[in-house]
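Colleague: Okay, here's what each chain looks like letter by letter:
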Amino acid sequence: MPARTLFEKVWDAHLVAASDGQLPLLYIDLHLVHEVTSPQAFDGLRANGRRVRQPLRTVATVDHNIPTTPRGLPLTDPIAARQIEALQKNCREFGIPFFDMDSPDQGIVHVIGPELGITLPGMTIVCGDSHTSTHGAFGSLAFGIGTSEVEHVLATQCLPKKKPKTMQIAVRGKLPEGVTAKDLALGIIGQIGTDGATGHVMEYTGESVRALSMEGRMTLCNMSIEAGARAGMVAPDETTFAYVAGRRFAPKGKDWEDSVALWRSLATDAGAKYDHVVNIDAASLTPFVTWGTNPGMVVQVGAKVPELSSFPQEADRRAAEQALAYMGLQPGTPIEQIAVDRVFIGSCTNSRIEDLRAAARVAKGYHVNSKVRAMVVPGSQAIKLAAEREGLHRIFLDAGFEWRESGCSMCLGMNPDILQPGERCASTSNRNFEGRQGRGGRTHLVSPMMAAAAAITGHFTDIRNWRFDE
Amino acid sequence: MQPFRKHTGIVVPLDRVNVDTDQIIPKQFLKRIERTGFGEFLFYDWRFAGDGKKSDFVLHDPRYAKASILVAGKNFGCGSSREHAVWALADYGFRAVVSSSFADIFANNSLKNGLLTICLSEEQVAGIMRRAREVDNYQLTVDLETRRVEDNQGFSETFAIDEFSRHCLLNGLDDIGLTLQQEAAIAEYEAKHPARTAMKTVLANS
Numbered sequence: 001m002p003a004r005t006l007f008e009k010v011w012d013a014h015l016v017a018a019s020d021g022q023l024p025l026l027y028i029d030l031h032l033v034h035e036v037t038s039p040q041a042f043d044g045l046r047a048n049g050r051r052v053r054q055p056l057r058t059v060a061t062v063d064h065n066i067p068t069t070p071r072g073l074p075l076t077d078p079i080a081a082r083q084i085e086a087l088q089k090n091c092r093e094f095g096i097p098f099f100d101m102d103s104p105d106q107g108i109v110h111v112i113g114p115e116l117g118i119t120l121p122g123m124t125i126v127c128g129d130s131h132t133s134t135h136g137a138f139g140s141l142a143f144g145i146g147t148s149e150v151e152h153v154l155a156t157q158c159l160p161k162k163k164p165k166t167m168q169i170a171v172r173g174k175l176p177e178g179v180t181a182k183d184l185a186l187g188i189i190g191q192i193g194t195d196g197a198t199g200h201v202m203e204y205t206g207e208s209v210r211a212l213s214m215e216g217r218m219t220l221c222n223m224s225i226e227a228g229a230r231a232g233m234v235a236p237d238e239t240t241f242a243y244v245a246g247r248r249f250a251p252k253g254k255d256w257e258d259s260v261a262l263w264r265s266l267a268t269d270a271g272a273k274y275d276h277v278v279n280i281d282a283a284s285l286t287p288f289v290t291w292g293t294n295p296g297m298v299v300q301v302g303a304k305v306p307e308l309s310s311f312p313q314e315a316d317r318r319a320a321e322q323a324l325a326y327m328g329l330q331p332g333t334p335i336e337q338i339a340v341d342r343v344f345i346g347s348c349t350n351s352r353i354e355d356l357r358a359a360a361r362v363a364k365g366y367h368v369n370s371k372v373r374a375m376v377v378p379g380s381q382a383i384k385l386a387a388e389r390e391g392l393h394r395i396f397l398d399a400g401f402e403w404r405e406s407g408c409s410m411c412l413g414m415n416p417d418i419l420q421p422g423e424r425c426a427s428t429s430n431r432n433f434e435g436r437q438g439r440g441g442r443t444h445l446v447s448p449m450m451a452a453a454a455a456i457t458g459h460f461t462d463i464r465n466w467r468f469d470e
Numbered sequence: 001m002q003p004f005r006k007h008t009g010i011v012v013p014l015d016r017v018n019v020d021t022d023q024i025i026p027k028q029f030l031k032r033i034e035r036t037g038f039g040e041f042l043f044y045d046w047r048f049a050g051d052g053k054k055s056d057f058v059l060h061d062p063r064y065a066k067a068s069i070l071v072a073g074k075n076f077g078c079g080s081s082r083e084h085a086v087w088a089l090a091d092y093g094f095r096a097v098v099s100s101s102f103a104d105i106f107a108n109n110s111l112k113n114g115l116l117t118i119c120l121s122e123e124q125v126a127g128i129m130r131r132a133r134e135v136d137n138y139q140l141t142v143d144l145e146t147r148r149v150e151d152n153q154g155f156s157e158t159f160a161i162d163e164f165s166r167h168c169l170l171n172g173l174d175d176i177g178l179t180l181q182q183e184a185a186i187a188e189y190e191a192k193h194p195a196r197t198a199m200k201t202v203l204a205n206s
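Each protein sequence line maps, in turn, to chains A and B.
With the working numbering applied, the first sequence covers 1 to 470.
With the working numbering applied, the second sequence covers 1 to 206.
Just so you know, the hints here were simulated from the structure itself, not pulled from any lab data.
A portion of the hints provided could be inaccurate.
Computed from the model, here is a short list of chain B residues facing chain A with C-beta under 7 angstroms [to be verified]:
1) Asp20
2) Asp22
3) Pro26
4) Gly73
5) Asn75
6) Asp104
7) Asn109
8) Phe164
9) Gln182
10) Tyr189
11) Arg196
12) Leu203
Derived Cβ-Cβ restraints for the label pairs, each shown as a range [to be verified]:
13) A:Arg50 - B:Glu34: 14 to 22 angstroms
14) A:Asp100 - B:Arg63: 49 to 57 angstroms
15) A:Pro416 - B:His60: 29 to 37 angstroms
16) B:His60 - A:Pro334: 32 to 40 angstroms
17) A:Lys174 - B:His60: 38 to 46 angstroms
18) B:Arg47 - A:Phe468: 41 to 49 angstroms
19) B:Gly93 - A:Asp469: 55 to 63 angstroms
20) A:Val277 - B:Arg47: 40 to 48 angstroms
21) A:Asp20 - B:Pro3: 19 to 27 angstroms
22) A:Asp20 - B:Lys6: 24 to 32 angstroms
Here the structure is a predicted model, which means the values were calculated and not measured.
For glycine and all other residues, C-beta sits at the position ideal for the given N, C-alpha and C.
Next comes chain B alone, as it looks inside the complex (with noise of 0.2 angstroms):
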């Protein structure tokens, strides 16, 4: 995984509540058997017209055509919990996602790819999201040592993250192989607690 540590980047809003996995990586994107490549497809129905035409979706103001941190309104992920949505925003380019609340699976595979997710107060992010409107090439910088999102129009504030995660994040590390380090606490659990499904049937039958 890409670490976390400070990451400066322009501002893109996205002014919707509830933005779903499904308007973020559509479904006919979810059959490719890669983890790379879905940046192109990103809001893809949003992005452009059935006829394949661009629309006046905000990705394609030239003003944000290097943004690297997207905020938007509430619920942001809800869903499906396909992770090609976070896929599709890493690939398009995007470090850091900003909302007031995201959805829990969608906020947990982001983690697992690098992507920071901050959460802060409604007003903080209509804040954000009026000044990236309103200011030529505003820029946030999102500071995870310190646990600091801050830009150069006096706003600063600190963001929560679980320790592990954060941790995680700024060492780029496989959770897997951390977990896989408690090998002796795993295998004395499945001592003691056998399975009740007889799966060895189910094997057999399938």
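Chain A extracted, bound-state conformation (with noise of 0.2 angstroms):
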């Protein structure tokens, strides 16, 4: 057999079919489903007189829309209330394992699957939501899909698809003090731009990537969407075996062993050959700062929000003169003077405990500055517990921020955390969007710790000038 890359191992595990004149099949291990884009997928079921194939390669939790508040509050919104009442009863009438609101393992989809050891090395995993490309840390080929693949994949536990490319996203060097996961997303994305992936699966490759955890690894493929990119992936190691060992779904015994021999077969043989390569230096990266109004809009925390002559194509120039009217900011400010309303930590980028325990590190021993309002969305219920048996929650507290119930929260404000129209965010989440956050917000992706930095100075604040209180 020719030397064959990772996606190609796993692309080609799952292939049903592969016939002339039609596309081809691929079969889905992990349907991962929310409340938001599955109701008319339901609803095409019933329609059609059609089952759910595998309800038990099937999970479903709420994230999107359900508010951070206290649980056991009523839902004031009804139009919420009324999808996640959707949910509740699809999971019912198709026999779908489903993590409702009290439930102690609910979370944003993305974090509990790998929490919970269902998301598993050498998979394939879809989900009605295009950050579906996390768990390709964990060496799965992960992608996010529309409502109509969702009912595809709920009828057939299969879907027809195009073959996509593969692109080897090769870091070199080690990552510099103060630059974490999230900064090599940005800067990547800042290099390829957002539609530099476009049609291919990325593989991040080299000894950065290995370097860095699950939770490190889970937030690089997050991003991987951000830049155009179907799936992100990093092969399997003893860093992803150390993590799902003793998951609660994952497997045990000797299924554990024969499952590991599996998952180390799967990473990229010598001599397999990409169809693109991007080399990142690692060494060159510092921590980033978005300016615009998309991922690819990024700049170091150390540089001044560009000049519109730095633009050599009109399209671009244009593009970056309407984000900086949009985001109210003159080109030539320095990124540190740029000062902050509001400041989110939490999304499925960015709320796991590595990411809290990052965020509080920084917070420890200071308070929140006056004009901003800061919040921490732990991105599961089994999160915040940690979090919380940690003392993270005392220092985030002590220091003045918010912390709040698990979910996708001001991510993209489908519950009540919006920002308002004007008001500046330092956002550890995916997308800076126009009005992602809210009508008119200003959104600035971050790290962290960037952010919790921002937090309490009021400004964007280079993490690597921090006096830490240890």
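Starting from the two chains in their separate frames, assemble the complex, guided by the hints.
Modeller: Structure representation (structure tokens):
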């Protein structure tokens, strides 16, 4: 057999059929479902008298539109409540495992999959959510789909898919101190653009990727979609196995031994070719801050808001002009002089325990700036509990951060957590699109440490100069 | 799905790059549980000011009131996987979108809803954009059988689409039905590949 990449091995292992004149039919191991992109799919099943083919390869939770105020309070949004009720009813009717709002296992769908050991290396995973790419951190092929495809997978456990191309993101050297997986992701997107990987599955390689924890790898793979990639992947290794081992629904005993042996064989073979290779020099990276209205509009924290003349292409120059007008920024303004009104630490990008530890380490011994409102939203109930056991919530609360219940929250503002028009936010989420966090809201994407530092000083602050209280 | 064979319609120019699905259908409209009725919310935050008044957004221009083809800059439909974006465009009356590139998930979603995404070169897209602004009642004709898009100003070009998707679009086929015809192959695959995750336990615990 010729040398194959990680992606090709996972792809080949899931081909059900590849007949002439039809797209390859790919088997889906795991289908994650949430309240926003699924009701129409279940309606479609009912309208056509179809069943869910594999309810036990399907897992559902509520995350997008639920409030992050204490559980048990009634929902104030009747339309959101209707959507949640629809998912409750659909899961009952079709026999799908469901972690409801009051479950101790509830959380952002891309956080609880790995946390519960439902996400495993080498799987194919889909969800009606673009950040499904997160699960690629385990060496699974994980990608977002629309509601029609959600219905397709519910009915058939398969998807007809055109085979994507491959792109190696070869990260050379070590990440400098204070530069996190989030900064690596932003640096990559800044280099290749928000459509730089369209049509491709990325594989992240290199010693600094190997050195990342699973949380860091999830952050990195999560942002793959922001470069336009179908998916991002990291080959499973000892770090992966150590994370998965013993998780509640992960294989045990002999199943575990057999699984690990299989997973070890997934790494890209020596001599395998990618369709494209992008080289990234880790040593040249610093903490990043976005200045515009897409994740590719990003600069180093020590830099300035770019001049319009720095964009050679007219379309990009106009886009930058529109972005600066929306963001209320002047070219040439040093990033560290931009003041923030709000800080959001959370989302499927950066709400895991390691993210909260990093932010708490910055916050410890300080207080949130009097002009800033800052909130911390753990990715899951389990993370919230773990953080509270470590006392992280005390650090946040003492410093003046809000400590909230788990959900997607202000990443997309489908629940009451939104920015007011004109408010500027340092956010650990993944998208700085216009209005994403609330109509007229101005989002700057940063790492958890950078977000915590901005909350305290009231403006963007280079975390590499931070005086930690330890 | 509504079949797509040949369509002629007025072209509205949206001269922006990287139009993301958060703009096409803002999140406040994603809580509906139906597939219909999203058209009135299309590009809502661009069409209407905070106080609900109409902006000067191009869709309000009476010249484009009957437009059914949208032309926009590169990387159209990037961001969220929300199929609501496609439902909103289709419900508003669009049958096709022309751009120099589309985000993968958006393009996929479009195919499932009879909305044709036509990928042309940046120069060709710029030309169509210019004519849509300058020529009154400017129209394109899109023929999926011949894979050709043309106007009456001398522009004519073929576009690429994979054969399977073209077949489904031309015939308005339900591709779930087509996959279900491969039942034997799916069952055989499942017999050889049992789930590794203890999913029965997941159900019991949820």
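Colleague: None of the hints should be skipped; say for each whether it holds.
Modeller: Here is how each hint holds up against the structure:
1. For B:Asp20, the suggested interface contact is upheld, since its CB lies about 5 angstroms from the closest CB of chain A, less than 7 angstroms.
2. For the restraint placing B:Asp22 at the interface with chain A, the shortest Cβ-Cβ distance is roughly 4 angstroms, inside the 7 angstroms limit, so the hint holds.
3. The beta carbon of B:Pro26 comes within 6 angstroms of a beta carbon in chain A, closer than 7 angstroms, and the hint placing it at the interface holds.
4. Checking B:Gly73 against chain A by beta carbon gives a least distance of about 6 angstroms; that is within 7 angstroms, so the hint holds.
5. For B:Asn75, the suggested interface contact is upheld, since its CB lies about 4 angstroms from the closest CB of chain A, less than 7 angstroms.
6. Interface restraint check for B:Asp104: the shortest CB-CB distance to chain A comes to about 5 angstroms, inside 7 angstroms, so the restraint holds.
7. A least Cβ separation of about 4 angstroms between B:Asn109 and chain A falls short of the 7 angstroms threshold, and the interface hint therefore holds.
8. For the restraint placing B:Phe164 at the interface with chain A, the shortest Cβ-Cβ distance is roughly 5 angstroms, inside the 7 angstroms limit, so the hint holds.
9. Annotation: interface hint on B:Gln182 holds; nearest CB of chain A at approximately 5 angstroms, less than 7 angstroms.
10. For B:Tyr189, the shortest C-beta to C-beta distance to chain A is roughly 5 angstroms, which falls under 7 angstroms, so the interface hint holds.
11. Among the interface hints, the one on B:Arg196 holds; its C-beta lies about 5 angstroms from the nearest C-beta in chain A, closer than the 7 angstroms criterion.
12. A distance limit of 7 angstroms between C-beta atoms decides the matter here; for B:Leu203 the minimum to chain A is near 4 angstroms, and the interface restraint holds.
13. For A:Arg50 and B:Glu34, the hinted distance range of 14 to 22 angstroms is satisfied, since their beta carbons lie about 19 angstroms from each other.
14. Between A:Asp100 and B:Arg63 the CB atoms are about 51 angstroms apart, so this pair conforms to the stated range of 49 to 57 angstroms.
15. Separated by about 31 angstroms at the C-beta atoms, A:Pro416 and B:His60 satisfy the suggested range of 29 to 37 angstroms.
16. A hinted range of 32 to 40 angstroms for the beta carbons of B:His60 and A:Pro334 is consistent with their spacing of about 39 angstroms.
17. Between A:Lys174 and B:His60 the CB atoms are about 53 angstroms apart, so this pair departs from the stated range of 38 to 46 angstroms.
18. Between B:Arg47 and A:Phe468 the beta carbon distance is about 48 angstroms. The supplied range of 41 to 49 angstroms therefore holds.
19. A C-beta distance of roughly 60 angstroms is found between B:Gly93 and A:Asp469, which places it inside the suggested range of 55 to 63 angstroms.
20. At about 42 angstroms, the CB distance of A:Val277 to B:Arg47 agrees with the hint of 40 to 48 angstroms.
21. The beta-carbon spacing between A:Asp20 and B:Pro3, approximately 23 angstroms, falls within the hinted interval of 19 to 27 angstroms.
22. Restraint check, A:Asp20 to B:Lys6: a C-beta distance of roughly 27 angstroms satisfies the suggested window 24 to 32 angstroms.
Hint violations for this structure: number 17 only, all remaining hints satisfied.
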